[in-house]
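Student: Now for the letters of each chain:
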Amino acid sequence: MDAVKKKPRGQGVPYQVKLSCVFMGLGQLFCRQFTKGALLMLLEVGFIFFLVFAGVDNIIGLFTLGTTEGVPIMGIEGDNSISMLAWGITTVFLVLLFALAYYANIKDVIYTAREMAKGNRVRNFFESCQTLLNKKFYFLTLTLPLVFVCIFNIMPIVFTALVAFTNYGGEIVPPKLVSWTGFQSFRVIFTMSEYIGTMGKILAWNILWAVGSTFLVYFGGLGLALLYNSACLKFKRFWRVFPMFAYAIPSFITLTGFYFMFCDSGPIVGLLKDWGWVSESFTIISYDSKWSLRLLGFFCCAWIGVPSVMFLATGILSNVNKEMYEAARLDGANGFQQFLYLTLPFVLFATTPVIISTFINQFNNFSIFYFLRPETVYAPGYFNANSSDLLINWMYNLTVENRLYSLGSALSLILFAFMAVFSLIAYVTSPAYKKEDTYR
Amino acid sequence: MKKGKIICIALVLTFSVGVFAACTERTGGGTFTYEELMAKFDGEIEQNATIRVLDNQMAIETGHLQEVLDAFNERYAEYNVNAVDANMDQYVDLEQNGPDGYGPDVLYQANDMLMRYAEGGHVLPLPTEQLEIAEIPQTVMDVYKLETYGLELYYGMPVAQQSTVLTYRKDLLPENWESEWDDNENGIPDMVETMNDLYAYSSQVRQESNGDRYGLYMSLVDQYFNTGYLLSFGAYVFGDTHDDIGLNADGAEVGLNLFRDLAGALGSTCISQNATTQVATYLTNSAGTAFCTIGTPDWLTTFQENLTATYVREGMAQEEAEAAAKENLVIVAPPRLPKDGDITKELTDIEEETFAPTTMGGVNAFGISSYTKYPKASLAFVKFVSEYENLRWRSEALGAVPARTDLAEELGGVSEILSGRVSEGLIYMMPSTRDTQYIWDPLSSLFNDVATDNTTRAVPVYTTAELLKGALDKLVTDIRSAMAVGVIS
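Chains as they are written, first to last, in this note's numbering: chain V, 1 to 440; chain D, 1 to 489.
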């Protein structure tokens, strides 16, 4: 048997492809696609100009974060490390986008050269545009949102993530130059006794809060929906108006209202004292408040969150197969059994992503305790935090109140990692993922 | 495989260039002489300059700022200078907004804030030889002094002093105060003269009104006002270095215990920053919910307006109401404190048993942003507002206590009281350093904790001097930790 002779690399590659590899659009020109070729060449020329006049400096700036400290009192601008970081990231994204464009340019010329080799007519620019519009419309419509996601989501996330590896914040703010410090911020969080102790306590409370509030909001909403769905309830529309009010009022207004109702000078505590139901020292929101404030937080969270789940569940319950309930009744199932074996699995299947998103929202619920404890006070045993603070509130204290930006970023990365792992595990193990075909 | 190799080589090259670039030496800004630093103020005022002026909320609300801007623009009409309200938050962050060109050109701030900016290079040192500073006490000027490039430079033109005073309603004094509440027969009601009597009177008013009315009403979590109790008994903020934090100095626990007792008389509703806003209503309503408060002198303008409105609602004519409000709202020095720190006991000899307290003070000044395009016009504005007549105008319009001693003497009243307290060393100037920012939150937490201890806490914690000392030690530890993290971060 004759050995198969390996074709030498590069042999048989059309010269147009080689040209396009060397310079964007050159191959297209030799394929007589003059407009496309010229546009691609212009793109590369523009990119080279960008690199020469700004791009290279931006990338170097990303590594150095500036070399000359500014002296504003003398009008000497110096380098702004934070701007350099932002421009550096932007340039890296532009380089990646350009690399993608280069790749597309080569793929395009390979296709065109192949068509030419087959003796087919080469598409002109107008026809190429038409193909893009008709056959690759999905590509056009998805590219724009992708670019916006890069600009408004991914780049700020990358920026925040990179800040965690610098010493930005505290004493180090422009015009002082920021430096890369590696894992210093993480080391501070995990080794400084104040931080690790605070983080442990807040994380434990945060998990309890997220689980508890998600449970409360979800089952509260489901229960309310079942109640409104029951045949024996009269004037359903009338009753449904009230949760709608709670849902429609902006949450910060509701929370501010709750604060004034439950604070020491508010009517609730005052009435309880007047009626003699509580002692004169009774308080719900005070420096020492831990569980009273946490419970109030759960109550407020239910007040704000239950209606949205109720509306969702009402919609889902309207699609429930009534025959299944009829069959269950004939088999002797009572109301609770019907709920447990029919309603709950059906609603759970449809709302698993909602539970996950509710959990994430509750985990990062900034507003509840921000509005319920408006005073900036730090509890004993907590560093820059209080016993009712969630991680997101602590992060706010660190970054906004105390300007410790790098520590705040490091904390947000830890938070992100935690949430990403949880969401993934929760979703992969959920009925919505494992039993996708059950209710189809 | 080939693709992978290319990507690897590209990445290695990129990172090598990056690491090489990162090793580039960093250069500082150099050093400058006084003449070089002040050169930007030399010469004629810029033509057609628009300068944004940031003043405090009261100056904006009363319309005083606009009047000043108009007067300044009129005086410098030949240069077509246009000074405008910066229309920014009073606590605008110059560090963030200045470099981006969004900050004000001229800003009015307290010394801790302005000097924080000075340390960061965000405000310009001023040519003091061109400013009217001869009548400003050196202690006041010193809060704006910062050594830069080996030179002693001043970064703010002091305009007003801030410290603690007591404001009370004369018409709410008990009818028999001269016989029952003036033991030393000096014509000053004892409850505004000593803290012991104020404590006794506050307790009595609360008891008699079943908690509906207050003698003294103020925020117990306000760090600025309450730190005075610690300072009066030997505490200090920073010593020679910032490693030396003296808020837990020996004796400070006596002051903290005094504060704890006072909190018991005021009640839990005062453990909130809201009390600071509520007091404007409580002190001026027709029910007379509060008899007095401890705050800054510039609150008086608001109190007078509110009380005038109350009197008008009660049927007085506007002019008569204004006169009555001025007559009935009285400002005095903060009450004297007992030497042994026990405000619950009855005094027998006020002079012997009490002393004038030390209070936290600050100096508000006009500074010029380093990012201004019009330093000469900005300096002209600072000179304009610090002229004798214009300072008097400001003091009369806003109730501000002037930094100039000659003007304070001329104005008399609260200006003279505070000016005298500065001269006597009874006002502890808020440290003009960036590290001051780290003291406020721990202090607020401390006061919250100790006030709670004597109001709503079921089992009080701070029952001995040792335990109070422990709270102060923890305060200092918290401040140190915050400062340490600030440096690390």
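Hints listed in this document are in silico derivations from the structure and should not be mistaken for laboratory results. Treat the hints with care, since some could be wrong.
Unchecked claim - One-sided and incomplete, this derived list gives chain D residues near chain V with beta-carbon spacing under 8 Å:
| no. | residue |
| --- | --- |
| 1 | E95 |
| 2 | G121 |
| 3 | V221 |
| 4 | H242 |
| 5 | S272 |
| 6 | A287 |
| 7 | Y428 |
| 8 | S444 |
| 9 | T456 |
Ideal placement from N, C-alpha and C gives every residue a C-beta, glycine not left out.
Student: Hint by hint, say whether it matches the structure.
Tutor: So, going through the hints one by one against the coordinates:
| no. | hint | verdict |
| --- | --- | --- |
| 1 | E95 | 6 Å, holds |
| 2 | G121 | 5 Å, holds |
| 3 | V221 | 6 Å, holds |
| 4 | H242 | 12 Å, violated |
| 5 | S272 | 6 Å, holds |
| 6 | A287 | 15 Å, violated |
| 7 | Y428 | 23 Å, violated |
| 8 | S444 | 6 Å, holds |
| 9 | T456 | 4 Å, holds |
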